[in-house]
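Q: Residues per chain, in single letters:
Number of protein chains: 6
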Amino acid sequence: MSDVLFGILRKVTTATISTMLLKKGIRRCWMNGPKPLSARGEAIVGRAFTLRFVPVREDVATTESWGSAISTRAAIEEMPAGSIAVADAMGVPTAGIFGDILCARMKKRSVAALVTDGAVRDRAGVLMSALPVWCAGVASPASVNGLTFVGWQQPIGCGGCAIFPGDVIVADDDGAVVIPQASVEFVAKEGAEHELYESWVFSEVENGVKLPGLYPPNEDARARYEIWRKSRP
Amino acid sequence: MSDVLFGILRKVTTATISTMLLKKGIRRCWMNGPKPLSARGEAIVGRAFTLRFVPVREDVATTESWGSAISTRAAIEEMPAGSIAVADAMGVPTAGIFGDILCARMKKRSVAALVTDGAVRDRAGVLMSALPVWCAGVASPASVNGLTFVGWQQPIGCGGCAIFPGDVIVADDDGAVVIPQASVEFVAKEGAEHELYESWVFSEVENGVKLPGLYPPNEDARARYEIWRKSRP
Amino acid sequence: MSDVLFGILRKVTTATISTMLLKKGIRRCWMNGPKPLSARGEAIVGRAFTLRFVPVREDVATTESWGSAISTRAAIEEMPAGSIAVADAMGVPTAGIFGDILCARMKKRSVAALVTDGAVRDRAGVLMSALPVWCAGVASPASVNGLTFVGWQQPIGCGGCAIFPGDVIVADDDGAVVIPQASVEFVAKEGAEHELYESWVFSEVENGVKLPGLYPPNEDARARYEIWRKSRP
Amino acid sequence: MSDVLFGILRKVTTATISTMLLKKGIRRCWMNGPKPLSARGEAIVGRAFTLRFVPVREDVATTESWGSAISTRAAIEEMPAGSIAVADAMGVPTAGIFGDILCARMKKRSVAALVTDGAVRDRAGVLMSALPVWCAGVASPASVNGLTFVGWQQPIGCGGCAIFPGDVIVADDDGAVVIPQASVEFVAKEGAEHELYESWVFSEVENGVKLPGLYPPNEDARARYEIWRKSRP
Amino acid sequence: MSDVLFGILRKVTTATISTMLLKKGIRRCWMNGPKPLSARGEAIVGRAFTLRFVPVREDVATTESWGSAISTRAAIEEMPAGSIAVADAMGVPTAGIFGDILCARMKKRSVAALVTDGAVRDRAGVLMSALPVWCAGVASPASVNGLTFVGWQQPIGCGGCAIFPGDVIVADDDGAVVIPQASVEFVAKEGAEHELYESWVFSEVENGVKLPGLYPPNEDARARYEIWRKSRP
Amino acid sequence: MSDVLFGILRKVTTATISTMLLKKGIRRCWMNGPKPLSARGEAIVGRAFTLRFVPVREDVATTESWGSAISTRAAIEEMPAGSIAVADAMGVPTAGIFGDILCARMKKRSVAALVTDGAVRDRAGVLMSALPVWCAGVASPASVNGLTFVGWQQPIGCGGCAIFPGDVIVADDDGAVVIPQASVEFVAKEGAEHELYESWVFSEVENGVKLPGLYPPNEDARARYEIWRKSRP
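If you read the protein sequences in the order shown, they are chains C, H, B, U, V and R.
Numbered according to our numbering, the first sequence spans residues 286 to 518.
Numbered according to our numbering, the second sequence spans residues 286 to 518.
Numbered according to our numbering, the third sequence spans residues 286 to 518.
Numbered according to our numbering, the fourth sequence spans residues 286 to 518.
Numbered according to our numbering, the fifth sequence spans residues 286 to 518.
Numbered according to our numbering, the sixth sequence spans residues 286 to 518.
A portion of the hints provided could be inaccurate.
Which copy is meant is left open, so a pair is good if it fits within one copy or across any two.
Derived BS3-like pairs (lysine-lysine); straight-line CA-CA distance at most 25 Å [as the list claims (entries may be wrong)]:
(1) K309 / K474
(2) K309 / K515
(3) K392 / K474
(4) K515 / K296
(5) K495 / K393
(6) K515 / K474
(7) K392 / K495
(8) K495 / K515
(9) K296 / K474
(10) K309 / K393
(11) K308 / K474
(12) K495 / K320
Derived from the structure by calculation, the hints contain no laboratory data.
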């Protein structure tokens with residue numbers, strides 16, 4: 286079932302998804318911060334695997350901590366194939382939470398993408414790893430320079446949104462949105478319908494029709510749309 | 286008359302315009318926020334058609350409000366050809382005030398450009414609409430997610446600048462500046478002269494002349510410039 | 286000596302440099318703000334020549350001040366070939382501290398790069414000057430619009446870092462770091478060694494080895510690395 | 286009618302009002318910025334009379350503008366007795382929008398209070414005027430130093446909230462909230478009931494009852510509350 | 286043992302504690318945000334009991350959630366007597382995480398204090414509860430307006446510091462600091478010694494001695510201090 | 286001469302001073318940040334003695350640096366009696382640049398006041414030292430925790446204003462303003478006149494006169510003011 290819904294969601298823009306969630310009363314779904322490290326032209330869909338950082342404290346955030354049992358390295362080994370790693374870096378712009386090597390390992394494990402409100406490091410290497418990344422910037426220092434990693438698969442905040450493990454994440458060139466698990470089916474179905482409607486509106490605009498009465502539609506526009514809709518092959 | 290001045294202004298960089306306005310005592314003319322959504326290499330000039338948003342309130346900022354008499358859709362139908370829509374989005378980064386459909390309609394109506402201190406949504410569609418856009422970012426959610434539209438052609442703030450309807454806007458790859466109506470002629474004429482002078486300075490620098498005494502010019506440099514200026518075809 | 290170290294540093298990423306400095310207890314070395322105006326793919330290394338601005342005051346920051354003895358023009362003439370100009374613009378985003386003409390003069394004087402936590406102006410002209418620039422943005426207004434230039438070769442703050450004249454600056458696509466003079470040799474040597482180790486780790490990851498135990502290495506990994514290291518031509 | 290509701294609202298804390306509005310789906314009602322200039326211990330209730338500023342532009346925001354037809358002085362003469370002036374100062378902390386003289390005139394005209402997300406000036410004089418003030422700070426410079434006054438009784442933003450002329454404002458030591466006109470009756474009646482319930486909870490807590498099951502109440506607690514409620518004189 | 290150390294720490298200012306931690310290489314110990322809601326003139330010492338919030342999402346942060354098993358109410362019942370509740374409210378200024386009733390219950394349970402980088406609500410009621418509170422402000426809306434409570438006794442960030450359950454917190458009129466458990470004894474003993482030394486320096490300054498050579502002491506000053514120290518009763 | 290002008294300035298509010306400077310075209314004179322640590326009800330006037338900090342770097346900002354030749358301790362010994370120390374702390378809120386001992390020494394040396402856009406530490410001790418302080422907050426950690434002291438009597442930025450050594454500073458309960466040396470006489474004389482006029486306006490407002498036509502005055506009001514002015518004893 287999920288596979289079908291995920292397939293539909295891949296064709297729905299994050300812009301449309303956020304409008305569908307607004308109909309459910311949810312305004313906090315788009316993460317303010319994560320931007321595509323390189324434009325892709327297509328969307329990624331997956332379940333959130335969460336990572337959590339707190340601020341640095343010099344006695345615990347050290348290069349030695351990279352070998353600890355609670356480390357980003359260990360977390361990566363727990364990520365299911367197809368999941369999207371969502372990292373709460375508290376919006377810290379001065380530490381790159383992942384670099385080329387960790388991204389390469391995630392790619393190797395078939396992780397679908399990395400989304401964070403923090404920075405990554407070693408831009409060239411991360412791009413080379415081919416892991417799709419949405420982040421708020423690039424910084425040379427490692428995470429231990431400004432952050433302390435404390436665990437995974439807990440509820441987190443990312444870019445002003447609450448993210449629970451298993452929530453569905455969709456990311457495209459406008460950024461990344463979170464869909465609560467209970468709303469996935471609604472968003473996918475209504476969203477696909479909305480995309481169809483917008484494509485008709487766009488063609489009407491190209492024909493010179495003005496927007497008031499068209500978008501949102503008055504009765505006449507709705508009727509014309511229904512005719513067009515039925516006439517599609 | 287305007288046409289001639291607008292033609293001149295198109296050849297004057299926003300950098301030079303801001304220096305000319307400083308001579309008039311105006312330091313607040315460059316909007317902090319709007320950046321070209323895609324670099325263009327050439328300037329756009331037009332009169333400001335202002336749009337105004339206030340913060341969201343859940344009882345008034347709804348998808349239903351899109352059909353109201355005071356809506357961005359209605360405002361677009363009032364924009365004169367050649368005008369530049371300047372939208373006060375209060376610098377809110379989490380709501381895209383316009384998407385592909387509204388931009389396409391603006392383009393159809395020969396609006397010259399959109400300038401905002403907020404975000405647009407559906408980056409790919411907006412680029413496809415071919416409307417030149419200066420904005421502070423991209424966000425998936427619609428304006429009703431974070432903003433309430435309240436009217437047009439009122440004085441606004443945009444990126445730290447006061448904009449009055451009819452002010453002249455010039456936008457290039459450095460951003461967008463506002464020229465008060467009373468200063469347009471001064472800025473165009475002095476600006477064009479300044480550009481000529483800077484082109485001579487640039488060639489002098491290429492020849493290895495050092496800047497002190499050249500820029501700003503001492504008497505000797507001024508004399509050499511006058512000779513060069515007169516010798517131009 | 287410096288030449289040899291600088292040659293080594295050119296091959297060490299700023300990511301690695303910041304990790305080496307962390308081993309010395311220095312967490313504040315990456316400037317938060319300066320980003321490459323255009324990606325270069327290679328690093329620049331040089332000694333810092335510092336420039337200092339304070340906020341604007343309308344009686345002193347005027348276009349007339351461009352001709353004063355304490356001006357950016359005069360400072361440029363003092364910059365040694367190969368130095369990197371680091372300008373403390375207090376993170377002000379609304380004034381471009383340098384434009385095409387000043388950048389062209391710096392290039393002519395063989396200045397290696399410009400790094401600032403502020404903005405530059407006339408983006409097109411600055412790119413044309415071919416001077417490598419790391420800045421926090423682009424703005425049309427000149428520095429006198431928002432800043433007052435007060436001197437050079439003093440200690441400054443830039444992007445949250447203390448920079449002393451003569452400190453070594455390395456800038457690449459991740460941004461710019463400062464290396465205190467006393468740590469240059471350590472960073473160059475340890476950094477080069479670290480890069481070698483990371484290149485081996487990267488190949489291991491490509492072969493499917495998981496990170497825990499590999500990075501940082503356990504005894505087995507260390508042994509395998511030593512064998513690989515010795516087997517290199 | 287309003288008088289009765291306003292009398293009830295005076296006894297309901299802004300904390301309770303914001304909880305009642307949340308039940309209506311309205312989360313944006315508390316203005317982030319306005320704080321009491323001096324603690325009062327009691328609430329002020331009144332209808333919003335809105336004032337609007339945009340950023341300063343040096344050609345229009347001058348001391349001369351104080352005499353213009355569109356000035357804060359003129360606006361004050363339009364304020365009805367009992368109204369609360371709500372000023373959108375765009376959160377600018379560096380200009381005091383009103384000083385002792387304007388506050389004294391407002392007090393003379395029986396304006397109930399001033400609420401702003403900006404600053405006031407001449408703290409000692411404003412306190413002496415006895416006008417209740419909620420502001421975000423104090424600053425010496427006048428409004429023309431950083432702001433341009435553009436009109437009154439328009440929709441505004443203040444502290445992240447949309448305020449429409451005629452909305453009801455309640456301000457106490459926690460700050461100021463806006464109640465949309467359609468929700469005033471609901472908020473007053475439900476709010477008064479909620480205050481009564483909380484006063485009973487408080488006494489229960491004093492008696493050592495733990496909160497889970499009490500607040501919010503389970504069936505047993507609800508029953509005990511009903512008994513207490515009926516037994517009140 | 287702890288009791289003795291806590292008794293010593295009560296006499297050491299947070300200013301001195303932060304200096305002692307700097308000697309251990311720890312610069313991140315003072316929380317930026319929490320300020321005393323009312324000045325007390327004396328310090329509170331206790332072990333951290335942590336609380337964690339993530340951003341609001343409208344489907345989970347509702348008034349109904351107050352009755353859930355994971356609620357602030359339930360957390361309060363787990364707090365040991367003498368502990369200091371430290372709440373990570375992500376610095377959100379627009380939601381009061383606790384009001385009069387919850388503070389009264391904490392006081393009843395002998396919780397020593399509440400420290401948060403967020404706001405509290407119902408200022409008058411919180412003061413009346415007599416629970417010592419360090420917070421970043423006051424706001425009318427409840428936590429569910431802007432935050433989602435997700436758990437307790439996990440590592441958190443608060444005001445830029447990492448706080449682990451059981452860390453020692455000291456709060457006075459300068460704010461609140463965290464002492465890692467491994468450093469408590471060092472800080473208490475060295476801190477007490479430092480306070481003694483500063484009291485002598487203060488008396489020297491009163492006698493007109495200048496600071497260079499006195500603070501930090503040169504050999505002569507150190508000798509004079511030792512004599513004074515030994516002569517104390 | 287200065288003594289006479291300083292005596293006049295002590296009776297002119299910082300609000301009036303900023304309006305007088307606006308007449309000279311100077312909008313940047315009020316420092317955004319410094320607030321009175323305790324309200325005083327009277328103004329302090331003195332010449333600026335500047336202090337400068339840059340960001341911390343762990344190798345130079347240490348407790349050992351307190352004994353260096355370039356230290357705040359050494360700077361204090363250079364401050365003339367009656368001067369006002371103005372410290373550029375870059376607005377850093379997490380380090381207290383001065384505590385009780387340094388403030389006590391400044392008081393002993395008859396320094397008139399301390400003004401900074403940063404924090405002080407040991408609030409209780411600083412208040413006890415009786416040195417008048419305008420600061421942006423209080424923080425436990427010492428300056429070396431977040432800042433590096435680099436010198437004195439250089440041009441600085443403080444709270445968004447440029448301050449040159451010898452500029453005149455006036456501080457009252459609204460904050461602190463800087464008067465460029467060339468404008469001191471104008472500000473004192475015009476300011477005193479303005480205060481007189483405002484006192485008359487205030488009495489008119491008390492008598493029920495409305496503001497338009499009064500402030501600024503029309504011809505009639507000006508005539509009445511002149512009569513009042515001449516009739517003063």
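Q: Which of the listed hints are broken here?
A: 2, 3, 10 and 12
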